[in-house]
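Following the hints, put chain B in place on chain A, whose structure we already have.
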Amino acid sequence: MIGFVRDVFRVLSMPCREHTPLLSKQLDEPLPHGIAVGLRIHVLYFRGCKRFRAQIRRLRDIAGVLGQELEAGEAMPGEVRERLRRRAAEASKINS
Amino acid sequence: MIDEQTQPDAHASPNVPTAPEASAETPSEAVERWLREHGDMLWRFVLGRVRSRAAAEDVVQETLLAALQGHASFAGESSERTWLLGIAAHKVSDQFRAARRRGEGGDAATAAARGDDFAAFHAMFTAKGMWAKPPSEWGLDGGSATENAEVLAALRRCIDALPPAQAEAVWLRDWLDIPANEVCKAMGISPTNLWSRMHRARAALRLCVERSMGMNTEGTR
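For the protein sequence lines, the chains are A and B, in the order given. Note that my numbering gives residue 55 to position 55 of the first sequence, counting from 1, and the numbers run on in steps of one. Note that my numbering gives residue 208 to position 208 of the second sequence, counting from 1, and the numbers run on in steps of one.
This is chain B alone, in the form it adopts within the complex:
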């Protein structure tokens, strides 16, 4: 299993696709178009992840500046929206990393960011790899509006508390429903690395949501 926390930051110089329009338009025209075609989506995505509108504006600005720098090398392998959202997700992750370095986010966030939930997931197995504590029934009724809203709120907190590289993958893959191959290109990672991140993230999210919702964590066969 690849531990992405020990991997170099693959997104520091993302392998970014070049828009077909890139050769025909000036940087200013490109920004104009990005704001027109993707500005609202970028704004909503970032605003939902950071604490204030001022912080959201800073992140979107950093996203556009990074996109301008990578514009010439963008090769059109993923859609332009995916490319921009990938950069935005990475910029949001940078903010989360900085907040954690400052000790913000509380013990739960810190524990989750250290990957404790994934370690707890591994502790659910015997040495031979069989379930020692199988996942318990959640006892959810499967779809009332109140229940969904509660799980949604818990899930949102749990995703934000994941190690940033995993949260970034979950935002793009499960949240924004971007195909896995496009997520790999946008994040500059291999499919194997993405699957590893997603597995670690989903196993950790399952435990985090279970704990947040106060659902029974005692395994029953």
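Bound-form chain A, shown alone:
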């Protein structure tokens, strides 16, 4: 409980510039509860941070759409596959 309160106040005492890396990190992993709560309170009061968070989230979601395209794109052509297989086999013989 003490750690939680300390984290909340530590985050609330930081300027906006130091919140932006945390807002980004939050997209990659869950933050400790106190820090997450501090961030949530901070963005209620600072519109710049709120917009920054919304915009990097939007870009992350759009990048995810690019990733989904990989599931349905062109398959590796058979002749390319064959050449790659042959060259890799030659290289593995040389290396062995």
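Honestly, the hints are just simulated from the structure, not real lab data. Worth double-checking, as some hints may not be accurate.
Here's a subset of chain A near chain B, in silico, CB distances under 7 Å, partners left out [to be verified]:
1) 15
2) 25
3) 29
4) 51
5) 62
6) 66
7) 75
8) 91
Each pair of labels, with its calculated beta carbon distance range [to be verified]:
9) A:2 x B:147: 44 to 54 Å
10) A:50 x B:26: 53 to 63 Å
11) B:211 x A:65: 12 to 22 Å
12) B:192 x A:74: 31 to 41 Å
13) B:156 x A:1: 43 to 53 Å
14) A:90 x B:215: 31 to 41 Å
15) A:32 x B:97: 16 to 26 Å
16) A:64 x B:132: 42 to 52 Å
Computed list of lysine to aspartate or glutamate pairs in EDC-like fashion (alpha-carbon distance at most 20 Å, straight line) [to be verified]:
17) A:50 x B:62
18) A:93 x A:82
19) B:128 x A:18
20) B:133 x B:210
21) A:93 x B:137
22) B:133 x B:116
23) A:93 x B:32
24) A:50 x A:18
25) A:93 x B:62
26) A:93 x B:210
27) A:50 x B:210
28) A:50 x A:61
29) A:50 x A:82
30) A:50 x A:29
31) B:133 x A:61
Every residue gets a Cβ at the ideal spot worked out from N, C-alpha and C, and that includes glycine.
Only chain B this time, still in chain A's reference frame:
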């Protein structure tokens, strides 16, 4: 903040996991399996990043040869697909670095690769770290197909124009949605280094997309 551009190339000798199958299969069998199980994904990923099919074939070949060399030391800490995509992303970055050394890619790409957008991001704050020019509203309607396609095209260009080490992290983390801990293992970097790269990349991408889309860059509180 760590400036990864000054860091040694952590991926030159990636700390790569060893597939459980590694001890049981010959190198040729491993390549055969990689092509069968991951070949299409590798091809699509690389083909979307380089200029021609010939260049894509070269990059996939370099990826397989590097994977063969690292095969024995692959420890299975990330999935094999992540491991191979990590190598491919690094090989694509090598191509981008070489193209920039040759002066290709234009002024915008060069500026972005120097990290100018991240410097511009820092200029949005006062000396005390408060917003001097807060991010402006983008005025996007939030999801029409045309709008999404435009943002998507801008984002693709902006990711490719990032410093290669940042682009590599964004491809793996945000584009391919690979968990952060696996991205760290595939790239041979620490979590702190990954967060630093991702923050710099996202701040720069935000500005780059805003500029590319001609959205208002005047901050409003």
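Each hint, compared with the structure:
1. 15: holds (3 Å)
2. 25: It holds, given that the least Cβ distance between residue 25 of chain A and chain B is near 5 Å, below 7 Å.
3. 29: Hint holds; residue 29 of chain A Cβ to chain B Cβ min 6 Å, cut 7 Å.
4. 51: holds (4 Å)
5. 62: holds (5 Å)
6. 66: Result: holds, 5 Å to nearest chain B Cβ.
7. 75: holds (5 Å)
8. 91: Holds - the Cβ of residue 91 of chain A comes within 7 Å of chain B, reaching about 5 Å at its closest.
9. A:2 x B:147: 44 to 54 Å: Since residue 2 of chain A and residue 147 of chain B have Cβ atoms about 47 Å apart, the given range 44 to 54 Å holds.
10. A:50 x B:26: 53 to 63 Å: holds (56 Å)
11. B:211 x A:65: 12 to 22 Å: holds (21 Å)
12. B:192 x A:74: 31 to 41 Å: 37 Å Cβ-Cβ, so the 31 to 41 Å window holds.
13. B:156 x A:1: 43 to 53 Å: holds (46 Å)
14. A:90 x B:215: 31 to 41 Å: violated (52 Å)
15. A:32 x B:97: 16 to 26 Å: violated (37 Å)
16. A:64 x B:132: 42 to 52 Å: Violated - the Cβ-Cβ distance for residue 64 of chain A and residue 132 of chain B, about 32 Å, lies outside 42 to 52 Å.
17. A:50 x B:62: It is violated: about 43 Å lies between the C-alpha atoms, which goes past 20 Å.
18. A:93 x A:82: holds (17 Å)
19. B:128 x A:18: holds (10 Å)
20. B:133 x B:210: Holds, at about 14 Å.
21. A:93 x B:137: This hinted pair is violated, its Cα atoms lying about 59 Å apart.
22. B:133 x B:116: Satisfied, since the Cα-Cα distance of roughly 17 Å is no more than 20 Å.
23. A:93 x B:32: holds (15 Å)
24. A:50 x A:18: Answer holds: residue 50 of chain A to residue 18 of chain A is near 14 Å, not above 20 Å.
25. A:93 x B:62: With a Cα-Cα distance of about 16 Å, the restraint between residue 93 of chain A and residue 62 of chain B holds, given a limit of 20 Å.
26. A:93 x B:210: Violated, at roughly 51 Å.
27. A:50 x B:210: With a Cα-Cα distance of about 16 Å, the restraint between residue 50 of chain A and residue 210 of chain B holds, given a limit of 20 Å.
28. A:50 x A:61: holds (17 Å)
29. A:50 x A:82: Measuring from Cα to Cα gives roughly 51 Å; hence the hint is violated.
30. A:50 x A:29: holds (19 Å)
31. B:133 x A:61: violated (25 Å)
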